[in-house]
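All chains, please: the whole structure from these sequences, using the hints.
Protein chains in written order, with the UniProt record's numbering: chain A, 1 to 76; chain B, 1 to 76.
Watch out, some of these pointers could steer you wrong.
The list cannot tell twin chains apart, which means a pair is met if one copy fits it or any two copies do.
[Claimed, not checked] Calculated lysine-lysine pairs in the DSS-like style (CA-CA distance at most 27 Å, straight line):
| id | residue 1 | residue 2 |
| --- | --- | --- |
| 1 | Lys2 | Lys40 |
| 2 | Lys61 | Lys2 |
| 3 | Lys61 | Lys22 |
| 4 | Lys2 | Lys22 |
| 5 | Lys10 | Lys22 |
| 6 | Lys40 | Lys10 |
| 7 | Lys40 | Lys61 |
These aren't lab readings, by the way, just hints derived from the structure by calculation. Every value quoted in this text rests on a predicted model; they were computed, and no experiment measured them.
Number of protein chains: 2
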Amino acid sequence: MKARVHVMLKDGVLDPQGEAVKHALHGMGFDGVGGVRQGKVIELDLEDGTGEDAVREMCEKLLANTVIESYSIEMA
Amino acid sequence: MKARVHVMLKDGVLDPQGEAVKHALHGMGFDGVGGVRQGKVIELDLEDGTGEDAVREMCEKLLANTVIESYSIEMA
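Right, dumping it as structure tokens:
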């Protein structure tokens, strides 16, 4: 059983990594790029029977800083 | 128009961040976690008409180090 967690900075929180990527892309001639946001993706291999609730608890306690980051969980 | 790019270390490339997350989760009592891999997700706002080919070029040239990283693109 697998879970994929996306952790992104919340809207309104400055994202210097994303800004750096945007400027680099513009410098390389990719002018069609507007905003860029960069986040983390964490892929977890889970024992069968581990539910989304457990993954949510991992996010709240460790994987995301919920003051400035939001997360989403996909179970597969 | 939006694109989401996932960049992950290739299988077989050591992922110290993922290992650190795994050990932390075990230390917190989440014993049902097997492997953990951590990667990047980059969300791009694109002008209409910017195709997947352009995003692929951005990946090859800037967003991913294709020696050790693989990437996948979702257009939305």
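These are the hints, each one checked on the structure:
Taking the shortest Cα distances, lysine 2 and lysine 40 sit within 27 Å of each other both inside one copy (16 Å) and across copies (17 Å). In this assembly of identical chains, the alpha carbons of lysine 61 and lysine 2 lie at most 27 Å apart only when taken from the same copy (19 Å versus 30 Å across copies). When the C-alpha separation of lysine 61 and lysine 22 is checked against a cutoff of 27 Å, the pair qualifies only between copies, where the shortest distance is 13 Å, while the shortest distance within a copy is 31 Å. In this homomeric assembly, lysine 2 and lysine 22 come within 27 Å of each other (Cα to Cα) only across copies, at 14 Å, whereas the closest approach inside a single copy is 32 Å.
With identical chains, the CA atoms of lysine 10 and lysine 22 are at most 27 Å apart both within one copy (18 Å) and between copies (25 Å). With identical chains, the CA atoms of lysine 40 and lysine 10 are at most 27 Å apart both within one copy (13 Å) and between copies (16 Å). With identical chains, the CA atoms of lysine 40 and lysine 61 are at most 27 Å apart both within one copy (16 Å) and between copies (20 Å).
Checked against the numbered hints given earlier, the structure satisfies every one of them.
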